[in-house]
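Engineer: Protein chains in written order, with UniProt numbering: chain A, 1 to 1223; chain B, 1 to 294.
Worth flagging that the hints you see were computed from the coordinates, not collected in a lab. We put the CB at the ideal spot given by N, CA and C, even for glycine. Please note: incorrect hints may appear among the correct ones.
[Stated by the list, open to error] Pairs of lysine to any residue residues, derived as SDA-like cross-links and limited to a Cα-Cα distance of at most 25 Å, are as follows:
{"#": "1", "chain 1": "B", "residue 1": "283", "chain 2": "A", "residue 2": "912"}
{"#": "2", "chain 1": "B", "residue 1": "287", "chain 2": "A", "residue 2": "1202"}
{"#": "3", "chain 1": "A", "residue 1": "1220", "chain 2": "B", "residue 2": "153"}
{"#": "4", "chain 1": "A", "residue 1": "949", "chain 2": "B", "residue 2": "260"}
{"#": "5", "chain 1": "A", "residue 1": "1220", "chain 2": "B", "residue 2": "260"}
{"#": "6", "chain 1": "A", "residue 1": "949", "chain 2": "B", "residue 2": "276"}
{"#": "7", "chain 1": "B", "residue 1": "153", "chain 2": "A", "residue 2": "986"}
{"#": "8", "chain 1": "B", "residue 1": "287", "chain 2": "A", "residue 2": "937"}
{"#": "9", "chain 1": "A", "residue 1": "949", "chain 2": "B", "residue 2": "290"}
{"#": "10", "chain 1": "B", "residue 1": "287", "chain 2": "A", "residue 2": "986"}
[Claimed, not checked] Quick list of the computed label-pair ranges, beta carbon to beta carbon:
{"#": "11", "chain 1": "B", "residue 1": "256", "chain 2": "A", "residue 2": "533", "range": "51 to 61 Å"}
{"#": "12", "chain 1": "A", "residue 1": "510", "chain 2": "B", "residue 2": "278", "range": "55 to 65 Å"}
{"#": "13", "chain 1": "B", "residue 1": "292", "chain 2": "A", "residue 2": "803", "range": "51 to 61 Å"}
{"#": "14", "chain 1": "A", "residue 1": "1218", "chain 2": "B", "residue 2": "278", "range": "21 to 31 Å"}
[To be verified] Taking beta-carbon pairs under 7 Å as the criterion, some of the chain A residues facing chain B (in silico):
{"#": "15", "residue": "586"}
{"#": "16", "residue": "950"}
{"#": "17", "residue": "954"}
{"#": "18", "residue": "968"}
{"#": "19", "residue": "970"}
{"#": "20", "residue": "972"}
{"#": "21", "residue": "976"}
{"#": "22", "residue": "980"}
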Amino acid sequence: MQSASGMLTKFESKSSRAKGIAFHPKRPWILVSLHSSTIQLWDYRMGTLIDRFEEHDGPVRGVDFHKTQPLFVSGGDDYKIKVWSYQTRRCLFTLNGHLDYIRTVFFHNELPWIVSASDDQTIRIWNWQNRSLLCTMTGHNHYVMCAQFHPKDADLVVSASLDQTVRVWDISGLRKKHSAPASIYESQMNQANQQQADMFGNTDAVVKFVLEGHDRGVNWVSFHPTMPLIVSAGDDRLIKLWRMSETKAWEVDTCRGHFQNASGCLFHPHQDLILSAGEDKTIRVWDLNKRTAVHTFKRENDRFWVIAAHPEINLFAAGHDNGVMVFKLERERPASAVYQNQLFYITKEKHVKSYDLQKNVESPTLLSLKKLGSPWVPPRTLSYNPAERSVLVTSPADGGSYELINLPRDGTGAIEPTESKRGFGNSAIFVARNRFAVLNTAAQTIDIKDLQNNVTRSFKPPLGTSDIYFGGTGNLLIITPTAVHLYDVQQKKTTAELAVNGVKYVVWSNDGLYAALLSKHNVTIVTKTLEQVSTLHETIRIKSATWDDAGVLLYSTLNHVKYTLLNGDNGIVRTLDQTVYLVRVKGRNVYCLDRAAKPRILQIDPTEYRFKLALVKRNYEEMLHIIQNSSLVGQSIISYLQKKGYPEIALQFVQDPTTRFELAIECGNLEVAVEMAKQLDRPKLWTRLSAEALAHGNHSIVEMCYQKLKQFDKLSFLYLTTGDEAKLTRMAKIAEHRGDFGSRFQNALYLGEVEDRIQMFKEIDLYPLAYATAKAHGLEEECQSILEAAGLTEDELNLPTFGEPLTPPKPVVPTYKANWPTKATSQSFFEKALLGQMEGLSLEDESAAVNGVDAEVQEDGAKRDLLGDADEEEEDAGGWDMGDDVVPEIEEGLTDVNIAEAGGAGSSEADLWARNSPLAVDHAAGGSFESAMQLLNRQVGAVNFAPLKSRFLEVYQASKTYLPASAGLPPLVNYVRRTVEEADLRKVLPVIPRDLEYLAEHDLHRGYKCMKTNKLEEGVTIFKNILHSLLVNAVGSEDEVAEAKKVITAAAEYTLAMSIELERRSLGTPEAILANPELLKRNLELAAYFTIPKIEVAHRQLALSNAMTQSMRSKNYSSALSFANRIISNGDAGGALAKLLEAARRNKATCERNPHDAVEIEFDQFAEFEICAASYTPIYSGTSYEECAFDGSKYHTKYKGTVCKVCEVCEVGKHGSGLKLFA
Amino acid sequence: MDPYSAEGELINIHNHFHQGQYQEVVDYDVSTLSSENELPARVLQLRARIALGQAEDALADVTGEKEPELQAIAALAEQALGNGDKAVGIIEKLAESAADNTTVQVVGGTVLQAAGKSEEALALLSQHQGSLDAVALIVQIHLQQNRNDLAVKEVTAARRWAQDSLLVNLAESWVGLRLGGEKYQQAFYVFEELAQAPATSSVRSLVSQAVAELHLGRTEEAQAALDQALKKEPKFAEAIANLLVLNVIAGKDGAEQKTLLEATDAQHPLLVDLAEKSDLFDKAASKYSAKVSA
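Start from the sequences and build out the full structure, keeping to the hints where you can.
Structural biologist: Below you can see the structure in the form of structure tokens.
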């Protein structure tokens, strides 16, 4: 018998005694009726209490969900049956009739019926549609504890009573009477069949069988869903199994084990198991066929009162003294392992199968594991060894065991393994081709075993180890409840430790650089050295995870597939209707195993995370690609972009004008803002736009906004400040026209029109003001006429003293003619790239299918028309005439993002290369030189492309062949690929001439030869050529990237070394140098510097010898000595170099006699330094310097911004994202 | 009965033509042919002569002829002589009067496509009634337009009614070289079979074989095939062009071939394209400059 451990509890609630339980058939809900009169509705997946229903008086013992309607029924000690709607959250009606406590209530699966069992010794059937009592079934002579309909057979009811009997009732009569009368014939038949009427003449429900066998009252009874079986639980502590036929029913067997009253029992919906619960605080699982105990789960303190099964999925619930628990009997996670494109997994039948992830085909059964573990316990893990084609399977049965089995070459059906190695252990995984590790949790040991199952080494893991996982070559990841240890098997010690609670699974990324540690609610991403990269928390349980090839982790929770980037940005990819275990992501497909261990393919849209990844990696090409190729980018991505500070990028996606406006304002893109404001035409937007435009100094837009808003005063002031007198005059006229005197006055004031002001005052009878104005401006005649008109004389007036009359200053600069010069709008890199790309596209489109272009042009034209119309309308709507020139033309220069999306069909393969690859070389091969240059510029700061021209054209040429086809026509151009096997156009890439291997084998050696044979000019050319060729190149793996970097460095060092020596030789003839002390010094310095670059030792000896000779010649014995010493310490490189060594020894002797320098030179033999590649002077360590981002040559800081002397392509000091040679 | 079918009289001359064995076509003994096949044979011979560079002779041969077939040939000859506009003019006229004539379709389609009028060419060719020549041309035009999908469709459709005929195999191989993957090898088999059998070998098929090998990454074999082709016809532009590509791929200097190509066919697409890209490079490169000029 099994121990009580190992119950997989999914949910637990705390409450008073739970008497009734019902699972919702579809949603993750459970109803619990309590002894305290409350009914609770729980979401057992989220662990939240959704609702409470409290209308019953006293304990509620029975509760049931309707299968399809949003209804449930409950029955309690208040003799009432209540039908509730969980949508409206209230009781719909109450069925009265029972005369005592109601024990159980159940809905019928098809008919609108409810069956109830009561202490009044009756069973009643109700119609909940017309709320009537259909039938009262009498016969039991004690409390009826339980009554249920048959789940399939509509005519049967079973009941259990404290009268020690179980009764089966035939209710076919009732059904015929109350279902719609099918035909007259049938109703006549009913009449004829009345001979079964009981003594009360009740023919609706008759007792079919009375099952006697229990010695005490029976508490519960259940039908088997498909077989003619009944199970009952009684106070005699027995679980009895009954079988029935058409005519009789009999007891089959008894399950003994409960040592207190058994309160509930049921059949497992899918497996041949019986579950029972009792007041002895246990839940017991029995084998239906053998009637033997399979499991016993014991609770410490709580007596069980009721047990229920979910109709569809492997879930059960039991109610006890302090609440309910939802649990399952077995793990449903199928054991599986993925190797390359093969998924190996174990089915529910314990068959090992494989699934080809490329061809999407399932293999026949490879192996049968029927004998592994106990029959009711599925294997837990599967570890695959590709070298041996064997699997290691663990099973929790019998305290944990493992089995090592070889897979047959091809599956031919359920083969029992011929030979297997077994052992005890809780976890077993392969750690190498011929080694596996076995953890024994009880003994707390880990054994490393060979394939013969012999222990090769054994060690004690950290305390409390619960599981082990592969930890990279030679390492194990050891899981304890509070931490994860990275354990070096060779050194037998922990090399790293990370405190993470409750890790359950470890998922390695495809490149083995990262691992995701999954615990119940957390995902922690760590590097292979166990450094935490990011962590995230989920409120619901995390089930599984798998890595995308690009380094995105996809993980599944109970109801979602989600993603997380390495930086922790995460989101939902899709929802799940059932729990799945992810095994692999490929493009838009997610491969997973469902709970039935069937491989499934889920379609996902990876756009969102790809885009975010591209954003994080600053891979703008990819982003462009995504923008151009995916139709929909939702609200979340926009807010994401906004949040991350990329409103200008978000702008490219949004169609909704309001959002577009907001984004445009945010990133200061006035053109778009204007466009959107025009579309929306709301005063609020115009106000915001005017404020923004004002801040930009873009007064023509401000003007337009004010016009739209009809803010005359602001407009006038704007004209004043921009010095636009003509429009100001017009404003005055408009004010006059409108009869707005305030405005008129304001405009007149701005214009300095005194007469106008006086005239206006007169018009509105403000003669005193008119007079004062006239007087102040010395217009005596006007004064007189005003006085006359008013009939007053000057003496009668009491005027203040006037100062100088004010006139507005004349504008000096005609600002209104153009917008104030603003800083060139800083286009984001992205926008530039987008524009660049669009140029590229339009070029390509010429050769593309004509249809697409036509459509585009038409669309474009149509759009223009629309815009034009809109303009006219707007002008009309403006309603006030300002002349034709008022509305500024802004339409021009607006970029239309949509254009890029059209077309596409008919682009050549060469165009695809640029899309398929982030490498400059692929762009160059595709003829997309502009983007190639952009890439190089961004990666390594390349600015001077002229030296790369031959390489670009070389790469371009190499990828096209010319196939003679029909006579009279030009040859067909085809595209040579380096991915010869690939036929998927999204993955093809061009052939690259002179790849790394070629360069390392040919050019590099030619360069070395030049060095040896002293052909330095030629050498420099060769090495520079290597640099150029590698700059525009591609390699096949990360290792090769490293190798390429090595070659680049070598080529750079040689170029530098050779250039220094060439510089020295160009100083002049030996005589000229000797004659000039300046030159002599420089000569010696350069000779010394020649020895600094890190070139091959043999070549360095040449440089040293050269320096030594030069020094000797100038009597710089100290320096010569140091060179000689270095030559000697480098040792004998053999061959011709032996002579050098000899000379060095000779010179050393000479120098040691007089170790002084005749010429002071800037060369400190003891200091660490590098040589500036521009000035050929030392850069001592510690001083700051600039670098070429490509070849790494060093420069004094003053050379920042110049073109690198070594590669002649990149800008010194410009740091890019680094050269990309492999994607 | 289709005169070009396996049992037809013209099968051999037709195959010679499409295998690029133009001299064999010209030398073909047409005296035994039945009268209704005389004209098609003459057309093929004239086309072969034009392909061999004897456009002037061919033009003189058909001047004054009334048959639309021969007028179409005149257009082809004119185009070969560099009078593209005149050729297109003739064909456009023929397209109105005799669009249902297979020769007019095929030759006209060739002329139009060569003049860059792909849509017109396709429109004319699409009227064909089961002519494989037309199908092959359509496929080529689709490929030139980079509409691989349409080309595939066309070939698949033709494969259904024409099965294993030479032109379908060729057209399929052209498409295969564009699609790649396993198709490379299939295309290679077709070309190799043609190129290596003495009865069917021609420079064109040799070059085709070399191209397939280039795509398969087998540069040495490609070199051998190209050498073979150049030995047969040292001035075959396509052979020189592909040798140039081959040399570049192999990391060798292609300058020699380039000069040679310039001498044989200054208007070869490779050269035109290269010059264009060279300008593009200079234009694009001019956008960048160092912050500080040295």
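Engineer: Take the hints in turn and mark each one as holding or not.
Structural biologist: Hint-by-hint comparison with the structure:
no.: 1; hint: 283(B) to 912(A); in the structure: 22 Å, holds
no.: 2; hint: 287(B) to 1202(A); in the structure: 16 Å, holds
no.: 3; hint: 1220(A) to 153(B); in the structure: 39 Å, violated
no.: 4; hint: 949(A) to 260(B); in the structure: 22 Å, holds
no.: 5; hint: 1220(A) to 260(B); in the structure: 36 Å, violated
no.: 6; hint: 949(A) to 276(B); in the structure: 13 Å, holds
no.: 7; hint: 153(B) to 986(A); in the structure: 20 Å, holds
no.: 8; hint: 287(B) to 937(A); in the structure: 11 Å, holds
no.: 9; hint: 949(A) to 290(B); in the structure: 17 Å, holds
no.: 10; hint: 287(B) to 986(A); in the structure: 30 Å, violated
no.: 11; hint: 256(B) to 533(A): 51 to 61 Å; in the structure: 55 Å, holds
no.: 12; hint: 510(A) to 278(B): 55 to 65 Å; in the structure: 41 Å, violated
no.: 13; hint: 292(B) to 803(A): 51 to 61 Å; in the structure: 59 Å, holds
no.: 14; hint: 1218(A) to 278(B): 21 to 31 Å; in the structure: 29 Å, holds
no.: 15; hint: 586; in the structure: 18 Å, violated
no.: 16; hint: 950; in the structure: 10 Å, violated
no.: 17; hint: 954; in the structure: 6 Å, holds
no.: 18; hint: 968; in the structure: 4 Å, holds
no.: 19; hint: 970; in the structure: 5 Å, holds
no.: 20; hint: 972; in the structure: 6 Å, holds
no.: 21; hint: 976; in the structure: 6 Å, holds
no.: 22; hint: 980; in the structure: 5 Å, holds
Violated hints, in rising order: 3, 5, 10, 12, 15, 16; the structure is consistent with all others.
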